[in-house]
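Chemist: Just need the whole structure built from these sequences, with the hints factored in.
The primary structure of each chain is shown beneath.
There are 2 protein chains.
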Amino acid sequence: MADTHALATLVQALKGLPGVGVKSASRMAFHLLQHDRATAMQLAQALSHAVAHVRHCERCHTFTEADICDTCADASRDHSQLCVVETPADQSAVERTGTYRGLYFVLMGKLSPLDGIGPHDIGLAKLRQRASEEGLREVILATNFTAEGEATAHVIAEMLKSLGLRVTRLARGVPAGSELEYVDLGTIAHALVDRR
Amino acid sequence: MADTHALATLVQALKGLPGVGVKSASRMAFHLLQHDRATAMQLAQALSHAVAHVRHCERCHTFTEADICDTCADASRDHSQLCVVETPADQSAVERTGTYRGLYFVLMGKLSPLDGIGPHDIGLAKLRQRASEEGLREVILATNFTAEGEATAHVIAEMLKSLGLRVTRLARGVPAGSELEYVDLGTIAHALVDRR
Ligand SMILES: [Zn+2]
Ligand SMILES: [Zn+2]
Chain A
1 MADTHALATL VQALKGLPGV GVKSASRMAF HLLQHDRATA MQLAQALSHA VAHVRHCERC
61 HTFTEADICD TCADASRDHS QLCVVETPAD QSAVERTGTY RGLYFVLMGK LSPLDGIGPH
121 DIGLAKLRQR ASEEGLREVI LATNFTAEGE ATAHVIAEML KSLGLRVTRL ARGVPAGSEL
181 EYVDLGTIAH ALVDRR
Chain B
1 MADTHALATL VQALKGLPGV GVKSASRMAF HLLQHDRATA MQLAQALSHA VAHVRHCERC
61 HTFTEADICD TCADASRDHS QLCVVETPAD QSAVERTGTY RGLYFVLMGK LSPLDGIGPH
121 DIGLAKLRQR ASEEGLREVI LATNFTAEGE ATAHVIAEML KSLGLRVTRL ARGVPAGSEL
181 EYVDLGTIAH ALVDRR
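Sequence lines, in order, name chains A and B.
Heads up: the first sequence is residues 1 to 196, going by UniProt numbering.
Heads up: the second sequence is residues 1 to 196, going by UniProt numbering.
Accuracy of the hints is not assured; some may be wrong.
All copies of an identical chain are treated as equivalent in the list; a pair is satisfied when it fits inside any one copy or across any two copies.
Once the Cα atoms are required to be at most 20 angstroms apart in a straight line, the calculated DMTMM-like pairs of lysine to aspartate or glutamate come out as [unchecked claim]:
#1 126 - 67
#2 23 - 90
#3 23 - 95
#4 15 - 36
#5 161 - 133
Bear in mind the hints are in silico, worked out from the structure with no lab data behind them.
Modeler: Structure below.
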């Protein structure tokens with residue numbers, strides 16, 4: 001696109017965003033430079049600022065700008081429960097249910113041998129240490145119900161077995177509001193097995 | 001997502017990119033901060049650099065870092081022909097055919113009354129002045145074959161009528177390599193009208 005090196009470099013950098021191919025990257029670069037340089041500058045500043053200031057909570061590994069995140073620092077929460085999730089977005093989903101008052105451990109990923117993501121990458125040693133702390137009674141495994149999420153939950157359950165904790169998993173079942181006719185058979189089968 | 005203001009600001013800025021909603025923006029922010037801070041820094045720098053250095057060619061309006069772009073400055077090109085395109089990407093498509101050796105005028109958009117884009121926004125006064133220069137014999141209208149591209153071509157053709165130039169339009173027709181059976185009827189109708 002045109003003869004500018006600055007533009008080619010920008011298209012290349014935008015292509016580094018997940019889900020953005022060369023066509024989208026070119027369209028984004030054109031839009032920013034032709035119609036919205038203010039957004040381009042805001043994005044540049046937001047990126048620099050986030051890279052400089054966002055790090056991981058020492059207790060739960062989620063993103064924070066402090067040593068310890070607001071959730072971990074909240075004395076009013078139930079420190080006897082630890083809910084293990086894959087990402088901050090998953091943590092946010094559990095929070096929004098308004099039904100959980102315990103603490104979290106955020107893996108910031110999931111075991112994925114094919115992508116070279118092993119126990120170290122998702123902080124399992126740290127989780128083991130965290131789970132050994134006095135006062136903790138239950139670890140709830142809330143990784144996703146995908147093949148990798150299930151495998152991750154299984155590995156963590158095995159790891160925590162010897163600690164004398166209650167290790168639970170979110171129930172599988174039929175989503176609220178759905179009609180059985182339209183629910184996939186695997187889900188119905190799991191709901192039968194996990195019936196209350 | 002988590003409790004950091006820097007992260008929320010970054011998600012908001014990424015949402016400013018065309019075609020990026022809040023879900024994609026969150027996924028991008030997570031990916032950059034968790035797995036690829038080098039790309040985040042490169043993107044920040046590429047944005048700042050492009051905003052600071054990319055401007056418009058004084059002759060053809062395309063993006064350039066100099067006063068006049070390489071194409072306009074190329075004395076070996078045919079200065080008697082001017083091809084009018086909507087974007088640098090369209091210019092690049094015409095260039096890649098290897099069949100055109102004239103100059104360009106890049107509108108950097110198209111007439112679009114509903115979006116508030118009028119003649120001034122696509123530099124029509126500049127184009128008129130450019131088309132009046134000595135030595136120019138032909139203006140080829142290569143705007144897109146969409147409703148807005150056709151309307152833009154029509155307005156430009158009307159504007160240049162009085163200048164005594166040859167004003168031509170890219171031929172509409174059946175795409176090379178296609179089977180008539182699968183070509184839409186409007187395209188076949190146009191190919192019949194424009195038959196050689
Ligand atoms: Zn924390
Ligand atoms: Zn130029």
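Chemist: It remains to establish, for every hint, whether it holds in the given structure.
Modeler: Hints versus structure:
Taking identical chains as interchangeable, the C-alpha atoms of residue 126 and residue 67 lie at most 20 angstroms apart only when both belong to the same chain, with a minimum of 16 angstroms there against 57 angstroms between chains. Taking the shortest alpha-carbon separations for residue 23 and residue 90, only the inter-copy value of 12 angstroms comes in at or below 20 angstroms, while the best intra-copy value is 31 angstroms. With identical chains, the CA atoms of residue 23 and residue 95 are at most 20 angstroms apart between copies only, with a shortest distance of 17 angstroms across copies and 37 angstroms within one. With identical chains, the CA atoms of residue 15 and residue 36 are at most 20 angstroms apart both within one copy (19 angstroms) and between copies (13 angstroms).
Taking the closest pair of Cα atoms, residue 161 and residue 133 come within 20 angstroms of each other only inside a single copy of the chain (15 angstroms); across copies the shortest separation is 83 angstroms, beyond that limit.
Comparing the model with each numbered hint stated earlier shows that all of them hold.
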